[in-house]
Amino acid sequence: MFKPESANMSMTLTEKLLARASGRDSVQPGEIVIVEPDVVLSHDNTAAIATIFRQLPAGTVKYPDRLAITLDHAAPPPTAKHARNHTEIRQFVREHGIGNFFEVGRGICHQVLCEEGVIGPGMTLLGADSHSPHYGWLGAFGAGIGRSEAAALWATGQLWLRVPDTMRVTISGSLETGVTAKDVTINLIGRLSSEGAAYMAVEFAGDGLARLTPDSRAVLTNMMAEMGAKNACMAPDEVTWSWLSETLERTRPEDSQARLDFFRDQALYPASDAKYAIEHELDLGEIEPMVSCPHTVDNARPLSSLARRPVDVGFIGTCTNGRLEDIASAAAIARGKQLKARLLVIPASSMVLRDAAAAGYIADLVDAGATIGTPGCGPCMGNHMGVLAPGEVCISSANRNFRGRMGERDAEIYLANPAVVAASCVAGRLIHPADLV
Amino acid sequence: MTRTAHRVWKYGDNVNTDVIFPGKYTYTVSQDPEELARHALEDLDPGFADGVRPGDVIVAGRNWGNGSSREQAVTCLVAAGVRAVIASSFARIYYRNAINNGLLVIECAELADSVETGALIEIDLAENQLHVAGEVFSFPALPAQVREIVAAGGIIPYLRGATISEKM
Chain A
331 MFKPESANMS
341 MTLTEKLLAR
351 ASGRDSVQPG
361 EIVIVEPDVV
371 LSHDNTAAIA
381 TIFRQLPAGT
391 VKYPDRLAIT
401 LDHAAPPPTA
411 KHARNHTEIR
421 QFVREHGIGN
431 FFEVGRGICH
441 QVLCEEGVIG
451 PGMTLLGADS
461 HSPHYGWLGA
471 FGAGIGRSEA
481 AALWATGQLW
491 LRVPDTMRVT
501 ISGSLETGVT
511 AKDVTINLIG
521 RLSSEGAAYM
531 AVEFAGDGLA
541 RLTPDSRAVL
551 TNMMAEMGAK
561 NACMAPDEVT
571 WSWLSETLER
581 TRPEDSQARL
591 DFFRDQALYP
601 ASDAKYAIEH
611 ELDLGEIEPM
621 VSCPHTVDNA
631 RPLSSLARRP
641 VDVGFIGTCT
651 NGRLEDIASA
661 AAIARGKQLK
671 ARLLVIPASS
681 MVLRDAAAAG
691 YIADLVDAGA
701 TIGTPGCGPC
711 MGNHMGVLAP
721 GEVCISSANR
731 NFRGRMGERD
741 AEIYLANPAV
751 VAASCVAGRL
761 IHPADLV
Chain B
24 MTRTAHRVWK
34 YGDNVNTDVI
44 FPGKYTYTVS
54 QDPEELARHA
64 LEDLDPGFAD
74 GVRPGDVIVA
84 GRNWGNGSSR
94 EQAVTCLVAA
104 GVRAVIASSF
114 ARIYYRNAIN
124 NGLLVIECAE
134 LADSVETGAL
144 IEIDLAENQL
154 HVAGEVFSFP
164 ALPAQVREIV
174 AAGGIIPYLR
184 GATISEKM
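Chains A and B, in that order, give the protein sequences. In short: position in the first sequence from 1, add 330, done, that's the numbering used here. In short: position in the second sequence from 1, add 23, done, that's the numbering used here.
A hint or two may mislead.
List of simulated lysine to aspartate or glutamate pairs, EDC-like, C-alpha gap at most 20 Å [said to hold, decoys possible]: (1) A:K411 to B:D68; (2) B:K33 to B:E58; (3) A:K670 to A:D642; (4) A:K411 to A:D395; (5) A:K411 to B:D55; (6) A:K670 to A:D595; (7) B:K33 to B:D55; (8) A:K670 to A:D697; (9) A:K411 to B:E57.
DEER-style ranges, computed between Cβ atoms [unchecked claim]: (10) A:D537 to B:D136: 26 to 32 Å; (11) A:A719 to B:A156: 34 to 40 Å; (12) A:S602 to B:A72: 53 to 59 Å; (13) B:R76 to A:A410: 33 to 39 Å; (14) A:I364 to B:G176: 44 to 50 Å; (15) A:R594 to B:S53: 56 to 62 Å; (16) B:T27 to A:T543: 54 to 60 Å; (17) A:Y393 to B:A72: 37 to 43 Å; (18) A:R594 to B:R76: 57 to 63 Å; (19) B:E58 to A:E576: 45 to 51 Å; (20) B:D136 to A:W571: 51 to 57 Å.
Stretch-level coverage of chain A by chain B, calculated; a stretch enters the list once three of its residues show a Cβ under 8 Å from a Cβ in chain B [claimed, not checked]: (21) 354–361; (22) 464–476; (23) 533–542; (24) 597–611; (25) 682–690.
Hints are computed from structural coordinates only; laboratory data are not their basis. Keep in mind it's a predicted model, so treat the numbers as computed, not measured. Here a beta-carbon is modelled for each residue, glycine too, at the ideal position from N, C-alpha and C.
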């Protein structure tokens, strides 16, 4: 059948990324394609994946240089069982010669792989972690998979994916003071529901995006996991390139320019005539501070409707909101005050911790009475380092507030932006930073 | 092909993987089916683990299995003997994990309002139909390859059944 050349060109960013990953000129929503991802991510679940992998006849990892492994979900290990799990993973890394291995203390997989330039614009990652849509802030494709699929990928280098329909969210305007990208996502998920983008790609666009920092952009793509999205992405721009240039210079000075040149060569951009299944528009100026109330992320309410709810403990961290600007905003609020509720701050990576210390943010937070944890996931999924007691109320900058998520089914988790978490710990109750006296 | 009969456990919308299998166990729990089954639905229905019998099915509302990618949210049900999850809709990673571990997943938006816990349901995979108290519900046929993977008991036994290049 005659196929006009333009049909190949009018692809969304996700379609272009999946066409590249499957070695095709073009793909269409609904098609099943076999992709060869550039990166296969796993973390503390690596030992469990290896157990499955050993049941396969392959025996060897097909592309050891495509694996990336971090120890972050229970790090440092809280029990001997967790420690043994890490030992098994280190043994696997040695046995199979995995170069991209990041030890306890380096930080959360999604932050570390971006900082280290393991993945960049135009590339594809499949991760045994549900927040893998994160990588789209760099213009990459990232999607979560299960452990069996990760094992199959180690053996074959390939996996089938259905090309998703794309939802475009066009962003205009600027955020008001005290409002962040986190509020944008809670607002969006509250309106569209936790399955609002089920099986879909979400592509962010619009002139409002240009005014968002790299740290904020990562919140947008990361949180789309909570809207059911397969992946989320945005086209790289000058903000992206500046961040990559500065960051790679620090993490891999020996080849930072070559890596940056590779990323520039790989970068993909959506076609101007791409077809979107659903379009949403969002004016940043209309967003107010938002809170996800127990026990679902889409149970979203304006903070103004909830103020005065007493809180026992706050948590600032995770792949969603544990970056430098998050810790900076918390430090600015805690500076010179004494916290009424406990506050746990866990930087997303060692680089974030180092920068936060150098800028004096860590001192501000410690002086106010906050606890600082080892870079990693912390108590986000209830493993360790600050799990909740029955009846406790937690205000958190993380991404999930499901019942039992932080280790105790009879605790309540409210999700908000880091400034709201810090202000609420100063006041001992839910409060907007601007309302602190 | 004959119909198979199953006892129903009924749950609502948006059941997430944290309440199906708590995250605090994910890096230390063994692959031992008995241990996995003991934690099944721990934070959703404390009576499930003791009451479930081999062959039972779960019927649920929208977005079953949203949240984490943890595969134990599937394997704990397989270990508990659950034959199928029939939901109005599934979260995408859960849907993949279920197929890859041989757990039958059936999307049927109409069923959830028609059954309660303890009901008996008959599954007819040849006709793609569900029978409940004289009522019949249809569901979309699963692709042939998906049925083969489920029948093999999951993607790992499926891949072991032939050389990998043939199957991928």
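Structure-based check of each hint:
For the hint pairing K411 (chain A) with D68 (chain B), the CA-to-CA distance comes to about 27 Å; that exceeds 20 Å, so the pair is violated. Restraint check: the Cα-Cα separation between K33 (chain B) and E58 (chain B) comes to about 23 Å, which exceeds 20 Å; the hinted pair is violated. Taking the CA atoms of K670 (chain A) and D642 (chain A), the gap is about 9 Å. The hint holds against a cut of 20 Å. Between the alpha carbons of K411 (chain A) and D395 (chain A) the distance comes to roughly 28 Å, so the proposed pair goes past 20 Å and is violated.
Taking the CA atoms of K411 (chain A) and D55 (chain B), the gap is about 15 Å. The hint holds against a cut of 20 Å. Our distance criterion of 20 Å between C-alpha atoms is broken by K670 (chain A) and D595 (chain A), whose separation comes to about 51 Å. Taking the CA atoms of K33 (chain B) and D55 (chain B), the gap is near 26 Å; set against the 20 Å cutoff, the hint is violated. As the CA atoms of K670 (chain A) and D697 (chain A) are separated by approximately 13 Å, the hinted pair is consistent with the 20 Å bound.
A distance of roughly 18 Å separates the Cα atoms of K411 (chain A) and E57 (chain B); the hinted pair therefore holds under the 20 Å criterion. Judged by the Cβ atoms, the range 26 to 32 Å given for D537 (chain A) and D136 (chain B) is violated: they are separated by roughly 45 Å. Between A719 (chain A) and A156 (chain B) the C-beta distance comes to about 45 Å, which lies outside the given range of 34 to 40 Å. For S602 (chain A) and A72 (chain B), the hinted distance range of 53 to 59 Å is satisfied, since their beta carbons lie about 55 Å from each other.
Separated by about 35 Å at the C-beta atoms, R76 (chain B) and A410 (chain A) satisfy the suggested range of 33 to 39 Å. Checking the proposed 44 to 50 Å range against I364 (chain A) and G176 (chain B) shows it is violated: the Cβ atoms sit about 23 Å from each other. For the hinted restraint 56 to 62 Å between R594 (chain A) and S53 (chain B), the CB-CB distance of approximately 47 Å leaves it violated. Between T27 (chain B) and T543 (chain A) the beta carbons are some 56 Å apart, a value that agrees with the proposed interval 54 to 60 Å.
A hinted range of 37 to 43 Å for the beta carbons of Y393 (chain A) and A72 (chain B) is consistent with their spacing of about 40 Å. The hinted range of 57 to 63 Å is satisfied by R594 (chain A) and R76 (chain B), whose Cβ atoms lie roughly 59 Å apart. Distance hint check: the CB atoms of E58 (chain B) and E576 (chain A) are about 47 Å apart, consistent with the given range 45 to 51 Å. For D136 (chain B) and W571 (chain A), the hinted distance range of 51 to 57 Å is satisfied, since their beta carbons lie about 52 Å from each other.
Coverage of the segment 354–361 of chain A by chain B is violated [criterion: at least 3 residues with CB-CB distance below 8 Å; count 0]. For a cut-off of 8 Å, the count of residues in the segment 464–476 of chain A with a CB near a CB of chain B stands at 3, and the three-residue condition holds. Only residues whose beta carbon comes within less than 8 Å of a beta carbon in chain B count, and the segment 533–542 of chain A has 0; fewer than three means the coverage is violated. For the segment 597–611 of chain A, the stated coverage by chain B is not satisfied: 0 residues place a CB nearer than 8 Å to a CB of that chain, which falls below the threshold of 3.
Here the segment 682–690 of chain A counts 0 residues with a CB under 8 Å from a CB of chain B, which misses the bar of 3, and the coverage is violated.
Of the hints listed earlier, those the structure fails to meet are numbers 1, 2, 4, 6, 7, 10, 11, 14, 15, 21, 23, 24, 25, in rising order.
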